[in-house]
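Going by full-length UniProt numbering, the first residue of the first sequence is number 1, and it counts up by one from there.
FYI, nobody ran anything at the bench for these hints, they're computed from the structure.
Be careful, since some hints might not be right.
[Claimed, not checked] Between beta-carbon pairs, the in silico distance windows are:
hint : residue 1 : residue 2 : range
1    : K554      : V503      : 22 to 32 Å
2    : N254      : S541      : 47 to 57 Å
3    : K245      : V537      : 47 to 57 Å
[What the hints assert, rightly or not] Cross-link-like lysine to any residue pairs, in silico, SDA-like; alpha carbons within 20 Å at most:
hint : residue 1 : residue 2
4    : K201      : R221
5    : K554      : G502
6    : K201      : E150
7    : K438      : R473
8    : K183      : E150
9    : K237      : G502
10   : K534      : E546
11   : K183      : R221
C-beta: ideal position from N, C-alpha, C; glycine also.
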Amino acid sequence: MISSAYFGGVHLLPHPTNTHLRPPRSLTPDLLHSFNTPFELKQVHAHLVKTNTSLSTLPLSRLCSVCALTPSFAYAQRILDRLGKPDITFWNSCLKAFAESDSPSGAILLFYQLRQFDVFPDTFTCSFVLKACAQLSDILNGRIVHGYMEKLGLRSNLFLQNMIVHLYALCGALDDALLMFEKMLQRDVVTWNILINQLVKRGDIEGAFDFFSRMPVRSVRSWTSMIAGYVHCGKPKEAIHLFMKMEEEGLKPNEVTVVAILAACADLGALDLGRRVHDYSNRSGFRKNIHISNTLIDMYVKCGCLEDARKLFDGMEERTIVSWSAMIAGLAMHGQAGEALRLFSNMIQIGMKPNDVTFVGILHACSHMGMIDMGREFFASMTKDYGIIPNIEHYGCMVDLFSRAGLLQEAYEFIMKMPIKSNGVVWGALLGGCRVHKNIEMAEEAIRHLSELDPLNDGYYVVLSNIYAESQRWEDAAKVRKLMREHGVKKTPGWSSISVDGVLHEFVAGDESHPQAEEIFQMWGKLLQKIKLKGYVPKTSVVLLEIDENEKEKFLYRHSEKLALAFGLMKTPSRMPIRILKNLRVCEDCHAAFKLISEIVDREIVVRDRNRFHCFKNGSCTCRDYW
DNA sequence: ATAGGGTTAG
1 MISSAYFGGV
11 HLLPHPTNTH
21 LRPPRSLTPD
31 LLHSFNTPFE
41 LKQVHAHLVK
51 TNTSLSTLPL
61 SRLCSVCALT
71 PSFAYAQRIL
81 DRLGKPDITF
91 WNSCLKAFAE
101 SDSPSGAILL
111 FYQLRQFDVF
121 PDTFTCSFVL
131 KACAQLSDIL
141 NGRIVHGYME
151 KLGLRSNLFL
161 QNMIVHLYAL
171 CGALDDALLM
181 FEKMLQRDVV
191 TWNILINQLV
201 KRGDIEGAFD
211 FFSRMPVRSV
221 RSWTSMIAGY
231 VHCGKPKEAI
241 HLFMKMEEEG
251 LKPNEVTVVA
261 ILAACADLGA
271 LDLGRRVHDY
281 SNRSGFRKNI
291 HISNTLIDMY
301 VKCGCLEDAR
311 KLFDGMEERT
321 IVSWSAMIAG
331 LAMHGQAGEA
341 LRLFSNMIQI
351 GMKPNDVTFV
361 GILHACSHMG
371 MIDMGREFFA
381 SMTKDYGIIP
391 NIEHYGCMVD
401 LFSRAGLLQE
411 AYEFIMKMPI
421 KSNGVVWGAL
431 LGGCRVHKNI
441 EMAEEAIRHL
451 SELDPLNDGY
461 YVVLSNIYAE
471 SQRWEDAAKV
481 RKLMREHGVK
491 KTPGWSSISV
501 DGVLHEFVAG
511 DESHPQAEEI
521 FQMWGKLLQK
531 IKLKGYVPKT
541 SVVLLEIDEN
551 EKEKFLYRHS
561 EKLALAFGLM
571 KTPSRMPIRI
581 LKNLRVCEDC
591 HAAFKLISEI
601 VDREIVVRDR
611 NRFHCFKNGS
621 CTCRDYW
C-alpha cells in the first residue's frame, strides 16, 4: 500500500481506488487512464507537454472528460486549441461528461461548438445532447437535435428514438411523444416502459395501464413501473394484485419491485405480506440495499411494529438521511417523542445533516407530546443552524403544536404571519384545536378560510358540526349539515381493516355484510357489558344525526373500529397483539372503549389512525389522551 | 461509450 507517490518529477496524490496499484516506472500517456481526479490528470498532462511526449486523441479525450466533470472546461478547451481539429471521439467524451455532470448545459453548448469545426455528430453525440436536454427539460434544443437526426440519417436508430420519446413526454409534450411512438417502425420494451413511466408521473394511471396491457412483451421493469405507479397514485391494493400476478407469471421481483411493494404494504398495513417480501428480499441477497432497508423501516413502523423497525435500523451498516428521518418519524408517530429527539441528537453527533423531512418528524414528535418550547426551538434552529427554509408542512406542524396545547390565539397569529400561502392542513390543525379547547369563534374563523381553500373536504365540516353539537347548539350543527349538502360534500365513510391469516378484512360503520356479522355483534355485546361495569359511558355527541339518545348509542356501537376489534378478538389467539388500521381519526368514544377493553382482555391493541398510532395496553394509550 | 422503474413528511 502506498500513501503517496513521487515519480517523474511530479507529485501525485494517489486516488483512493488506485492505492492498490504499483506506481508505474515512467510517466506515459497511459497514465491518463489510471487517475481519476482532474488535479492528478492535469499534473500528468502538464508533465507530458513539458517533455514533448506525443499524445493520441484517446487519452486526451479521457483527460477532457474528467476535466469537464469538475466542470473545468477551460482546461479541456486549452487542449482543444492545441489539437486544432479534434475528432468526434474527443467531442463525445466531453459531451458525455457534461451531460452527466451538474451543468448539463455545457453539453448543449459543445454541440453547437463542434459544428463550427466541421465535425459531424454521430449517434453518441446525439444521445449525450439528448441526455442533457432531458436533465434540463429543454425541449427546444431537443427538437433541434431531433431535426439533426433526420438530416444525419439517424432517424431509425431505436436508442435515439426512445430518448426522443422520453424527452417529449418528460417535457409535457405527450402528443409529440405519442406521435413519435406511432411513427416508429420498431419499438422495444423500453419504448413502452418510457411511456408507462411518464403517464404514471402525470397521474394518468389508467392510461399507463392501457399501455401496459397492450405491450407485446413485458419485462420485470415493466411490471415494476406499473406496481410503483399504483403505489404512487394511492392504489396500493391494485399494486399488490399486480405483484401477485407477476409472481404467477414466474417473474423474479428485483430490488426496485421490492421497494414498491413494501411501500404498498406500508400504506395498507399489510404486515403478513410485508414480512414475506422481507424474507424474499433477504433470500435474494438484497439485504445490503439501503433503499429496501429504508422502506422496510417505514413498513414496520406503519404496520405498528416499532420494535422490528428499530431492530432493522440499528442493524444497518450504513444509513442515509432517509433512514434516520423514517425512524425519527416512526418514533414520533408512535408517541415516543423522547426517543425521537434522542435519535436526532445522535444523528447530529455523527455529522449527518438533517433535511426538511427530518424536521417534519421532529416537529411532529413535539406536537404529539405537547412540547411547545422544544418545538419552537427546533423550528428556529432549522433555519438558523441548518439553512432549511420551512415549508407548508412545517408550518402545519407548528399550528398543530400550538392548537393542541390550547394556544389558539398564538396559532392564529402564526398563520397570519406565515410568509407562504396557508393551506387546508394549516387551518384544519387550528380547527382541530378549537374542538379540543371548545372555542367556537375561532372555529368559525377557521372554517371561513377552509371553505375557500379546501371546500370539498368533508372532514372540516364534520369537526365544526361536532363542536356545535358538543355545546348543544343543535341548530348550528344542522346548519353545517345543510351547508355540506349545498356544497355537495358527502361525509367520507369511515372504514377500519384488520388482517387475519394474511386476509384483509374491511369494515365500514354499521356493516352487516360480513359473513360473520352476527357473531361480531354478539362479541361486541359481551365486551360492552364488561366495560360498562368498568365505568364506560357512551359518548353520543360524536354521532351527528338528529335522533334520540338510544338510537345514537346503536350507531356508536357499529363504528368500524369496534367491529374490527371484535372480529380480531374472535379470530386471533389470546395475547397476540391486534393491529387495526383506520382511514380517519379514531373516534373519541372508541378510544375510551379500547382503553378499557385492552385491560379486560389483556391484549395489546394497536390502532393506526390517519395521523398517528394509538397503542392500547393495560387500560391506557400511548398517546396519553393527547391527540 | 448511448434509453426506462425505488425509500422518509403530507
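Hint by hint, here is what the structure shows:
For the pair K554 and V503, the supplied restraint of 22 to 32 Å holds, since their beta-carbon distance comes to about 28 Å. In this structure the hint that N254 and S541 lie 47 to 57 Å apart at CB holds, the actual value being about 52 Å. At roughly 50 Å, the beta carbons of K245 and V537 sit within the given window of 47 to 57 Å. A C-alpha spacing of about 16 Å is found between K201 and R221, which places the hinted pair at or below 20 Å, so the restraint holds.
Between K554 and G502, the direct Cα distance comes to roughly 31 Å. Violation of the 20 Å bound is thereby established for this hinted pair. A distance of roughly 29 Å separates the Cα atoms of K201 and E150; the hinted pair therefore is violated under the 20 Å criterion. For the proposed pair K438 and R473, the alpha carbon gap of about 12 Å is at most 20 Å, so the pair holds. The straight-line distance between the Cα atoms of K183 and E150 is roughly 13 Å, inside the 20 Å bound, and the hint therefore holds.
Restraint check for K237 and G502: the C-alpha separation of about 14 Å stays at or below 20 Å, so the hint holds. This hinted pair does not check out: K534 and E546 have alpha carbons roughly 29 Å apart, beyond 20 Å. Simply put, K183 and R221 have alpha-carbon atoms about 24 Å apart, too far for the 20 Å limit, and the pair is violated.
Consistency note: the structure conflicts with the earlier hints numbered 5, 6, 10 and 11.
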